[in-house]
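Protein chains in written order, with my numbering: chain A, 97 to 619; chain B, 1200 to 1510; chain C, 13 to 328.
Please keep in mind that the hints were generated in silico from the structure rather than gathered at the bench.
Just to be clear, a hint being listed does not mean it is correct.
[Unchecked claim] Below, simulated EDC-like cross-link-like pairs (lysine to aspartate or glutamate); rule was C-alpha separation at most 20 Å, straight line:
1. K110(C) to E302(A)
2. K569(A) to D188(A)
3. K1309(B) to D318(C)
4. K1322(B) to D1299(B)
5. K1289(B) to D1317(B)
6. K248(A) to D212(A)
7. K325(A) to E136(A)
8. K227(A) to D318(C)
9. K220(C) to E1341(B)
10. K569(A) to E554(A)
11. K321(A) to D47(C)
12. K111(C) to E312(A)
13. K69(C) to D287(A)
[To be verified] With beta-carbon atoms standing in for the labels, derived distance ranges:
14. L305(C) to L134(A): 51 to 59 Å
15. L242(C) to K599(A): 54 to 62 Å
16. Q1398(B) to L305(C): 58 to 66 Å
Every residue gets a Cβ at the ideal spot worked out from N, C-alpha and C, and that includes glycine.
Each chain, written out:
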Amino acid sequence: MFRERKSILMIIITGLILVLSLSGCGSNGTNDVSAAELYEKELVLAGPRDVAPGPEDAFYMSSILYVWEPLVAIGPGQQPTPKLATGWESNDEKTEWTFDLKQGVTFHDGVPFNADAVMANYERYSNMHGKRSSFYTFHFTAVYPNFESIEKTGEYQVKMTFSEPFALLPYNMANFGSAMYSPDSFDETTDFVTIAQGTGPFKLVEHERNEYVLLEANEDYYGEKAKIKNIRIRIIPDPQTRFSALQAEEIMGVLDLGSLTPELTKQLLEDDRFDLSYDKSTISHYVSTNGTRFPFNDPRMKTALSLAIDRELLVNEFYNGYPEPTINILNYASPFAKTIQPVYDLERAEELVEEVIGDENPVLEIIVPSWALDRYPYKEQAEYIQSVLTGIGLQSTISVVDGAAFRELQSQGEFDISLHIQGLPDLNPMTIFNRFMYSQGSTNIAYSLGFSNERVDELLELLAVETDLERIKEMVDELQDISAEDISTHPMFHDVTLAPHNKAVANYNATVYGVDLTGVSWR
Amino acid sequence: MIKKTIEITNLKVAFSTRQGQVKAVNNISMTLHKGQVIAMIGETGSGKSVFGLSLLQLLPENAKLSGEAEYEGKNLLRLPTSDIRNIRGKKIALIPQNPDTSLNPIMKVKKQLRDVIDQKDKKTYIHKIINELKKYHLYDPERVSDAYPFQLSGGMKQRVLSASATMGKPDLIIADEPTKGLDVIIRNEVYQIFKKMIQDTDIGLLLITHDLIFANTISDKVAVLYAGEVIEYGDTKDLFNEPYHPYTKGFIEAQPYKNLKPIPGLPPSLIHLPEGCSFHPRCSKKMPVCSQLKPDLYSVGNRNVRCFLYA
Amino acid sequence: MYVIPYVIKKIVSSIPVLIGVSIIAFLLGVVSLGDPAREALSADGVSTPTIEEIEQKRIELGLDQSLPQQYLSWMKDILKGDLGRSFITNIPIAEEFKKRLPRTFALSFSALFLVIFISIPLAVLMAVNKNGWFDHIGRIMSLLFISTPGFLAAILLMMFFSVNLRWLPTSGYGTLFHLLMPSVVLALGTSGVIMRVNRATMLEVLHKNYIMNAYAKGLTSPLVIYRHALRNSILPVVTLIGNYFGGILGGSAIIETIFAIPGVGSYAVQGITSMDYPVIQAYVLFTGVVYILFNLLIDLLYIVIDPRIRLGGELK
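One chain only, chain A, in its complex shape (with noise of 0.2 Å):
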């Protein structure tokens, strides 16, 4: 009796469950809402770290968050433009620099920005020593090189004074180099006390340490406001559940580096509620090989690696065609930068493999970074790299290791050839010729590549203390040239930002790092 009864239980929750898993999806309803309530309804994005960590960060949030500003931004064709310094201009030494500050501007908590708020930001710079920042490690010596003092020289106006000449300024100072946060918000231990609290669009109301980050509308703000009062940004660390989060309609797009991977964005455009927008990112993509060790101590060799990799194929089939195939070790995103286009010949690059290898077999190390799985394609790619290799007659092992393990082994020297991604810190070209092709470069030092040029380090050296804009772009520019040349690092090609949303967001561009949320509105 027992039995029958139970067996009845059994197959009303079967049918139950039956039922509910053939019930229909839920439905959109339309809204037909008022420009107001536009404004008002809440703005939910996803992204894959943190981008408020808080107090114990340099920056306390990263800058696509539009809340603080700096004195010298990044502009269009990626030129420093101002923002909280409206000019600037410099002595001929190039020793002297003044910046005119904009007025009637102030931080979210009423201080105002003036030349004292500016003082107090860099009394706070001066004395962080090496303080962390999950977005950019800020150095002041590296900065602000051969920095003497700053001096308030009027009420909207302050004077850099350097040791040394020191032309290119403006372009270390651009975004992370110049961040203006009120001096309420932080103390003499230069830790936050509050909330940064930043001039911009945008004002971080409330954060959720690896949650959310909740942004507000700054109605005072003195140029184009935003068009959504509240943008809650929430931090979801696997791609494929934000895929999943963008197709159930719970966030409206995601943002900041990785936010898609270009498998996942393709699936995602599949499909016509989304749309993507892209611009240059200031990532890079290289293939570094051992420098320091047999085969790649040859530059035949690197130049052989160079010639046998299809860049075009690679950004076709892994990356959806968007990127740049490259050569140029300078990113895209420089304003400094040259387009070179990379040459593919399979048959010079066999007959140089020749004259290197002979009768020798080396079987290659190739290493992956492990946390680069979630956002490229890099397994794929280092496959791919291995069927080069056997195609010109080497042999390959890939291994995946995780980040700390792959940058010991870097520096160890302990590989062949390494995958991993370059991006670019700031505006000034020489960082990236500094660390990669100077011959005692902290990178190319790090990543074991081995190399040294003469007319490199000769370039470099005359660049520290050149003033002049233009021969600094002719000496650049040989820079590029040469890196094309003489390989310290193979380039494969210069990242895109992808920005992909759901169509009911509209205006929803990518900039070269990050989104414009002031423009994002509803449609």
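The hints should help you fit chains B and C onto chain A, whose structure is shown.
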């Protein structure tokens, strides 16, 4: 006066197993009366426990029952579960084999006894339990009822099981091998327990046992089982004084208190029973007819014997 | 009650275990491939620190001290209640733990709830329905549960319930709806195991004499199972469940990452991949404490539910 009886007719129990049909009980007919004690004796495997359990439908799933066991106008063997439930423990109770394993090891005695009572009020049912336990000469019934089975001796557990059966004041009790595996001293205790039980009430008792002394001590009638059949049935004193069936004779002779002389041979396979009389392969008195035809239960005075010697 | 000295003895004897565990955790970090100082300086993904910068960082982080020195100064801080700061973000670890633990606990408790209240009743029903259709379906389902990897279950559930049906949020933390799918995924494997084990123990129990006796007393099947069979069949399962729960309290990195629940599991994995020594050490200590606590709890639980352990021998 309606006499509470179980009228059993042609009861058969077979178990379907992979090796074949195990015919455990083959055509038993008898009547159990309230106020009468019938001992059912036989070797292990003779079918006596199966017979007892079948009356309350307590056999496993693969048991096939046929025949009738009429009680209060209904066939016990065919009653639906909800009906037989009302009879179990209340009208017809079981004292199961093996006191060591028949009590839930992690449940207090009083809780297990409570299963048989239909009382919500705690004070009342505890009172009832203590009273019942007292009847069995447990010198500290409160402590016993509060104890767990593993804390009690074999004799105490037997008393608890008996109390559990008599608590509901049933008409009939089926006692399944109450002294199996117990040593002599405890056995005597058990004899006393049952004697008292019979004296104090007028319950009917089916005593399933191979303890002949026990059977002799308390039963009115004896049924001897062999290979699932009753092969001799009669008044206890007479049967023990003068057994008629060769098997009964041999069985008694084999007892420790007699000559300890075993019956040659082994009990038959219940899957492949012998042709003719099921005992004939071991019988010293066998005749040609014994291997060909099955003997009926022949009446000899007050005795029933299933043997051609008495046809 | 001999329970209290027993508990004290257990706690005291677990201290050397904790110390040993913390030493091993410390050493594991040290022998791994990588340099914490370099990692701390590379956190932004665009910087490559120079060798001098790395050296400076090493000194700042105290990595230039000898290993025993480093270990002792860490232990000293722990005993003062200071769990230290992350090498990478400099965020105080105790603060992070305080924020993350409740989330992991909520997730673990929900999973535990599902395991207990779904797999045990199912196991009982399967045992009662032995070889029937419910039993067969149940056994196939339990096998499915055991062999489905967490991430696959997560993806499937998310696709079905979030994207298609829009009944549940894909990810995040806040309401019971947010906890539902991750708890199910977390409970899946163990539910399958418990369903099978409990079914087996239940079948064993149902064959026992005291069960037949219970029926003989006229009890209904549900009562027999609930009053007599259930508790006896659960005893062996308690250890399983206890160990399971202790394990998931340490957090599940995969589930926390997929469902965007910032708990201690994902914190630990972040710490491990970025060679964040203080985080790794704090986490290992935490899981060590949890494990020891749970073993103690299981022992105590057995004392409570099995009177044979509690009381021992015969009455006089």
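Structure-based check of each hint:
1. The hinted pair formed by K110(C) and E302(A) meets the criterion: a straight-line CA distance of about 19 Å does not exceed 20 Å.
2. A C-alpha spacing of about 17 Å is found between K569(A) and D188(A), which places the hinted pair at or below 20 Å, so the restraint holds.
3. Distance restraint check for K1309(B) and D318(C): the Cα-Cα separation of roughly 17 Å lies within the 20 Å cut-off, and the hinted pair is therefore satisfied.
4. At roughly 28 Å between alpha-carbon atoms, K1322(B) and D1299(B) are farther apart than 20 Å, so this suggested pair is violated.
5. Under the criterion of a C-alpha separation no larger than 20 Å, the hint pairing K1289(B) with D1317(B) is consistent with the structure, at around 10 Å.
6. This hinted pair checks out: K248(A) and D212(A) have alpha carbons roughly 7 Å apart, not beyond 20 Å.
7. For the suggested pair K325(A) and E136(A), the alpha carbons sit about 5 Å apart, so the restraint of at most 20 Å is met.
8. At most 20 Å may separate the alpha-carbon atoms for a hinted pair to count; K227(A) and D318(C) exceed this at roughly 58 Å.
9. For a cut-off of 20 Å, the pair hint linking K220(C) to E1341(B) is broken: about 27 Å separates their Cα positions.
10. Distance check on the hinted pair: K569(A) and E554(A) sit about 15 Å apart at the alpha-carbon level, within 20 Å; holds.
11. Under the criterion of a C-alpha separation no larger than 20 Å, the hint pairing K321(A) with D47(C) is inconsistent with the structure, at around 45 Å.
12. Restraint check: the Cα-Cα separation between K111(C) and E312(A) comes to about 25 Å, which exceeds 20 Å; the hinted pair is violated.
13. Distance check on the hinted pair: K69(C) and D287(A) sit about 19 Å apart at the alpha-carbon level, within 20 Å; holds.
14. Distance hint check for L305(C) and L134(A): the Cβ-Cβ separation is about 53 Å, which falls inside the suggested range of 51 to 59 Å.
15. In this structure, L242(C) and K599(A) meet the distance hint of 54 to 62 Å, their C-beta atoms being roughly 56 Å apart.
16. Restraint check, Q1398(B) to L305(C): a C-beta distance of roughly 60 Å satisfies the suggested window 58 to 66 Å.
In this structure, the hints that do not hold are numbers 4, 8, 9, 11, 12, in rising order.
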